[in-house]
Amino acid sequence: MSEPWVFGGGILVAGILAFIFIRAGKRKPLTVISVIAEDRNNQGLFHVFGSVTYMPHDSPSYEIQRHYLLDAVKMKIVRGIEQRGAGFDLKSPFAGRCLEHMREVTGLDLAFGKPLKEQALRIVLHRRNESDTTAPEEIEGDALEVFDLSYRRIDRIGWRVRLGGRMHILPTVRASPDVFQTIWLRAERRLLVFYSRMGIFGCGVGLMVVDTGTGAILSNGYFKEN
Numbered sequence: 001m002s003e004p005w006v007f008g009g010g011i012l013v014a015g016i017l018a019f020i021f022i023r024a025g026k027r028k029p030l031t032v033i034s035v036i037a038e039d040r041n042n043q044g045l046f047h048v049f050g051s052v053t054y055m056p057h058d059s060p061s062y063e064i065q066r067h068y069l070l071d072a073v074k075m076k077i078v079r080g081i082e083q084r085g086a087g088f089d090l091k092s093p094f095a096g097r098c099l100e101h102m103r104e105v106t107g108l109d110l111a112f113g114k115p116l117k118e119q120a121l122r123i124v125l126h127r128r129n130e131s132d133t134t135a136p137e138e139i140e141g142d143a144l145e146v147f148d149l150s151y152r153r154i155d156r157i158g159w160r161v162r163l164g165g166r167m168h169i170l171p172t173v174r175a176s177p178d179v180f181q182t183i184w185l186r187a188e189r190r191l192l193v194f195y196s197r198m199g200i201f202g203c204g205v206g207l208m209v210v211d212t213g214t215g216a217i218l219s220n221g222y223f224k225e226n
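In our numbering, the protein residues as written are 1 to 226.
Simulated from the structure, these hints should not be mistaken for laboratory data.
Remember, predicted model here, so these are calculated numbers, not experimental data.
Keep in mind that the hints are not guaranteed to be accurate.
To be verified - Cβ-Cβ distance ranges computed for the label pairs, FRET-style:
1. Arg127 / Val32: 32 to 40 Å
2. Gly44 / Gln119: 12 to 20 Å
3. Gln83 / Gly165: 31 to 39 Å
Claimed, not checked - Here are the simulated lysine to any residue pairs, SDA-like style, with alpha carbons at most 25 Å apart:
4. Lys114 / Val209
5. Lys114 / Ala86
6. Lys74 / Met55
7. Lys76 / Ala37
8. Lys224 / Asp89
9. Lys28 / Glu225
10. Lys76 / Asp178
11. Lys28 / Gly213
12. Lys74 / Val179
13. Lys28 / Met55
14. Lys91 / His57
15. Lys28 / Ser196
16. Lys74 / Gly213
17. Lys28 / Asp178
18. Lys76 / Gly107
19. Lys117 / Met55
20. Lys114 / Val32
21. Lys74 / Gly107
22. Lys28 / Asp109
23. Lys224 / Phe94
24. Lys91 / Pro29
25. Lys224 / Arg190
Note that the Cβ used here is the ideal one computed from N, Cα and C, for glycine as well.
Based on the provided sequences and hints, a complete structural model is requested.
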């Protein structure tokens, strides 16, 4: 028969692990971006909606829809409310509740503007093991080049940014070649790239901020509150 302290220790360890998993679940970054919309009343503010996918071992997978407010000038990210649901619409009652909640949190007169539908830069994807039976694509003007450097089961990409006739080569990162959205703040000389990042939390939305004047990376990591 097991000693009482052994049994009690097992319960304690199980409780600690459960607490860690719950905390990790709450901190889990977005899996994909659903909508990014400018704020109609505040320049430089963006409403970011996305979903987090959970895949329990003993039940079907499900999605949690979540709202963030991004201050792209100050690089401040505020996390809003979330709710379980498949799919998202900016005209949904949930989106309205998100807006009201964020107004209370920030004290700002917030309003949804138009969703971003086009990339700020042309995206050019260079796939691994591309065939050279055709002429290489000519790249003119501003563009973000994404190089698929994946090897076996390790996803890795490289970046090259062409802006105003200048080219900046950026460090490689663990990520898939999917780029969700780009935002170019010309006055602040800043390029924001939302992409699919790989890391400690698995696959999630990453945000890379690039100084368009020098090509320096100002920040790069999972998109989450700060």
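Against the structure, the hints come out as follows:
Between Arg127 and Val32 the CB atoms are about 21 Å apart, so this pair departs from the stated range of 32 to 40 Å. At roughly 19 Å, the beta carbons of Gly44 and Gln119 sit within the given window of 12 to 20 Å. Restraint check, Gln83 to Gly165: a C-beta distance of roughly 46 Å breaks the suggested window 31 to 39 Å. Using a Cα cut-off of 25 Å, the hinted pair Lys114 and Val209 holds, with the two alpha carbons roughly 22 Å apart.
For the hint linking Lys114 to Ala86, the alpha-carbon distance of about 22 Å falls within 25 Å, and the restraint holds. Proximity of Lys74 to Met55 is assessed by CA-CA distance (about 35 Å); at most 25 Å being required, the pair is judged violated. Of the supplied pair hints, the one linking Lys76 and Ala37 holds, its CA atoms being roughly 16 Å apart against a limit of 25 Å. Of the pairs offered as hints, the one joining Lys224 and Asp89 holds, with about 21 Å between alpha carbons and a cut-off of 25 Å not exceeded.
As the CA atoms of Lys28 and Glu225 are separated by approximately 11 Å, the hinted pair is consistent with the 25 Å bound. The suggested pairing of Lys76 with Asp178 holds, with an alpha-carbon distance near 24 Å, which does not exceed 25 Å. Restraint check for Lys28 and Gly213: the C-alpha separation of about 33 Å exceeds 25 Å, so the hint is violated. With a C-alpha separation of about 23 Å, the suggested pair Lys74 and Val179 falls inside the 25 Å cut-off, and the hint holds.
For a cut-off of 25 Å, the pair hint linking Lys28 to Met55 stands: about 12 Å separates their Cα positions. Straight-line distance between C-alpha atoms of Lys91 and His57 comes to about 33 Å, which puts the hinted pair past the 25 Å bound. Annotation: proposed proximity of Lys28 to Ser196 holds, straight-line Cα distance about 14 Å (limit 25 Å). This hinted pair checks out: Lys74 and Gly213 have alpha carbons roughly 18 Å apart, not beyond 25 Å.
For the proposed pair Lys28 and Asp178, the alpha carbon gap of about 19 Å is at most 25 Å, so the pair holds. Only pairs whose Cα atoms come within 25 Å are accepted, and Lys76 paired with Gly107 is accepted, the gap being roughly 15 Å. Of the supplied pair hints, the one linking Lys117 and Met55 is violated, its CA atoms being roughly 29 Å apart against a limit of 25 Å. A threshold of 25 Å between alpha carbons decides the hint, and for Lys114 with Val32 the separation of about 19 Å falls inside it, so the pair holds.
The hinted pair formed by Lys74 and Gly107 meets the criterion: a straight-line CA distance of about 17 Å does not exceed 25 Å. About 29 Å separates the Cα atoms of Lys28 and Asp109, which puts this hinted pair outside 25 Å; it is violated. Using a Cα cut-off of 25 Å, the hinted pair Lys224 and Phe94 holds, with the two alpha carbons roughly 20 Å apart. Restraint check for Lys91 and Pro29: the C-alpha separation of about 23 Å stays at or below 25 Å, so the hint holds.
Annotation: proposed proximity of Lys224 to Arg190 holds, straight-line Cα distance about 19 Å (limit 25 Å).
Checked against the numbered hints given earlier, this structure breaks hints 1, 3, 6, 11, 14, 19, 22; the rest are met.
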